[in-house]
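Use the sequences and the hints to build the structure in full.
The listed protein sequences derive, respectively, from chains A and B. Residue numbering for the first sequence follows my numbering, starting at 1056 and increasing by one per position. Residue numbering for the second sequence follows my numbering, starting at 1199 and increasing by one per position.
For the record, the hints were derived by calculation from the structure and aren't laboratory data. Glycine included, each C-beta is placed from N, C-alpha and C at the ideal position. It cannot be assumed that every hint is accurate.
As the list claims (entries may be wrong) - Beta-carbon label-pair distances, calculated as ranges:
1. A:Lys1163 x B:Glu1421: 44 to 50 Å
2. A:Ile1109 x B:Thr1315: 40 to 46 Å
3. A:Thr1097 x B:Thr1200: 51 to 57 Å
4. B:Tyr1252 x A:Pro1169: 35 to 41 Å
5. B:Glu1355 x A:Gly1203: 24 to 30 Å
6. B:Asn1407 x A:Ser1278: 32 to 38 Å
7. A:Phe1302 x B:Lys1243: 50 to 56 Å
What the hints assert, rightly or not - Reference listing, derived: stretches of chain A covered by chain B, where coverage requires no fewer than 3 residues with Cβ under 8 Å from a Cβ of chain B:
8. 1117-1124
9. 1273-1283
Said to hold, decoys possible - DSS-like cross-link-like pairs, simulated, lysine-lysine; straight-line CA separation at most 30 Å:
10. B:Lys1454 x A:Lys1305
11. A:Lys1248 x B:Lys1454
12. A:Lys1305 x B:Lys1288
13. A:Lys1248 x A:Lys1078
14. B:Lys1288 x B:Lys1454
15. A:Lys1248 x B:Lys1293
16. A:Lys1305 x B:Lys1287
17. B:Lys1293 x B:Lys1454
18. A:Lys1305 x A:Lys1248
19. B:Lys1450 x A:Lys1305
20. A:Lys1305 x B:Lys1293
21. B:Lys1450 x A:Lys1248
22. B:Lys1287 x B:Lys1450
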Amino acid sequence: MEPCPARYTDCFSGIDNYLFFLKISDFTAVPEFYSIVLQTITVTVVALVICTVIGFLFSILLDHPIPGVNIARTLIMGPFFVMSTVTGVIWKKTILNTTFGWYGVLAKAVGLAPVDLLSYYPLPVIIFLFCWQWIPFFVLIMLAGLQGISGELVDSMRIDGLKWWQSTFWVKLPLIMNHIRVAVMLGLVFIVKEFGLILVTTAGGPGTRSYTLPYQVYMQIFSASNVGRAGALATMTVVLTLIAVNFVSKSMKKNNL
Amino acid sequence: MTVTIYTLAILYFSPILYMLLSGFKTEYQAVSPSFVFTPTLETYKSVLSDASLYTYLGNSIFQVLASSVLCLLLGLPAAFALAFGNFRKKGTRDKIYMWFLTTILLPPVAVLIPLYTWFHAWQLNTTPLGLLMAYVGFHVPIVVWMLYSFFADIPTEIMEASEIDGCTRFQQMMHIAVPLVRTGIISACLLVAVFIWNEFFLGFNLTGNDTATLPVYMSRFREQQGMFIAQLSASSTIAILPAIVLGWITQKSLVKGLTLGAVKG
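The following block contains the structure:
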């Protein structure tokens, strides 16, 4: 049979498009697809863990009834409503820039030579930016959970003489497990599909070091003009996302009971 | 404790704060980072005199208004029917509800390719209508999800009483259910508005030069070299201010809608 160019949709190509990504021809190197999957998983998992931990600590702090706590809550909530492309360019140009940004100026002030973080450590920077954007969302939901805990329970914990860490981690944490589950699930869904932040900060680079699956789909369509392969890739992205969502929801439900 | 919390909050917010301030600098002042400077409106004047900004702003406003209204028109009856409709089989309600939920979970890359090829065939590819259809499709489930949880809070006795008094289904929805969940409806609408205002992936891939939205406009700044910090800050401020203000207004009901729907399900 005549080999069919993958971009023409009028001939059936079987599972060729899938095989293009999945097959391993050279066992000495990790094929591009697998390293991109790995990068996607790394970014998502690390960002989710950091968001959950720091989000929980923030929400415990913001649960204190200090005067004007609503102002503090509102300030922390800010980054969540900022569009991802603005987050990307603002951090890239005004903070992480080695010459004109705060990072560069402060590093020079203490006598260090600032390295371009976005080129040398693309994944950690992207994870950091994801966290900056999504911790507010986690705080928002967990704080709602903490405020739903009845005052009687808080009083009785105090009377029973629980230390702050005992009441925080043994009583309050299990009580808001449901809220944490919601935050992690929605966070997972939104972080996996994030695209704009990567495009404006690193554009996937250097090389393909900070590609994630959605970014690779985009590149396949608009850079390689290969709709068939992009379709295969998008399908695999959806399947992986659904598996991950299912896994998270099941495992967290089990812990809860 | 008070000091810790405030320091933390201000530090966390400082990138946005610095951006807000930098918009009031001249380009020359903005080159060296500092919080102390004499404010000027020069940069805002030059940003606001750029005609292309208004195209993007207009597109964004059109998409947000049109799709919020359409989402509400489609989502409100759907949520009402889900909450109070009589289903012949017991599991049907949950099954339909799950279909809406899984649509929220769907990453947009999944549908980008079919949308792109279809829109290409129907010549909708760079039209506002095409993007609007995609946005409505993606955000109706969110409206349904939030409103369903608000409707489910209404005691069934009220609905039964109104039925006995001879209300039709439509009257029940318009005169009883809707006034009871008015805050929920407003917050669902505003949440969808914020999401669409900030949406980048579809807006970037399904639009052309004269139909693109603000996030696309902002993404173009990535290619410039570091000498336009003041301009970047001023236009960023214009781009994010509506979403931040809307977000702050809605956060209370947003959290109620999100947690009610999810903690129960």
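Verification of the supplied hints:
{"no.": "1", "hint": "A:Lys1163 x B:Glu1421: 44 to 50 Å", "in the structure": "violated, 26 Å"}
{"no.": "2", "hint": "A:Ile1109 x B:Thr1315: 40 to 46 Å", "in the structure": "holds, 42 Å"}
{"no.": "3", "hint": "A:Thr1097 x B:Thr1200: 51 to 57 Å", "in the structure": "violated, 38 Å"}
{"no.": "4", "hint": "B:Tyr1252 x A:Pro1169: 35 to 41 Å", "in the structure": "holds, 38 Å"}
{"no.": "5", "hint": "B:Glu1355 x A:Gly1203: 24 to 30 Å", "in the structure": "holds, 25 Å"}
{"no.": "6", "hint": "B:Asn1407 x A:Ser1278: 32 to 38 Å", "in the structure": "violated, 19 Å"}
{"no.": "7", "hint": "A:Phe1302 x B:Lys1243: 50 to 56 Å", "in the structure": "holds, 53 Å"}
{"no.": "8", "hint": "1117-1124", "in the structure": "holds (count 5)"}
{"no.": "9", "hint": "1273-1283", "in the structure": "holds (count 4)"}
{"no.": "10", "hint": "B:Lys1454 x A:Lys1305", "in the structure": "holds, 23 Å"}
{"no.": "11", "hint": "A:Lys1248 x B:Lys1454", "in the structure": "holds, 24 Å"}
{"no.": "12", "hint": "A:Lys1305 x B:Lys1288", "in the structure": "holds, 24 Å"}
{"no.": "13", "hint": "A:Lys1248 x A:Lys1078", "in the structure": "holds, 25 Å"}
{"no.": "14", "hint": "B:Lys1288 x B:Lys1454", "in the structure": "holds, 27 Å"}
{"no.": "15", "hint": "A:Lys1248 x B:Lys1293", "in the structure": "holds, 25 Å"}
{"no.": "16", "hint": "A:Lys1305 x B:Lys1287", "in the structure": "holds, 26 Å"}
{"no.": "17", "hint": "B:Lys1293 x B:Lys1454", "in the structure": "holds, 23 Å"}
{"no.": "18", "hint": "A:Lys1305 x A:Lys1248", "in the structure": "holds, 21 Å"}
{"no.": "19", "hint": "B:Lys1450 x A:Lys1305", "in the structure": "holds, 28 Å"}
{"no.": "20", "hint": "A:Lys1305 x B:Lys1293", "in the structure": "holds, 18 Å"}
{"no.": "21", "hint": "B:Lys1450 x A:Lys1248", "in the structure": "holds, 25 Å"}
{"no.": "22", "hint": "B:Lys1287 x B:Lys1450", "in the structure": "violated, 36 Å"}
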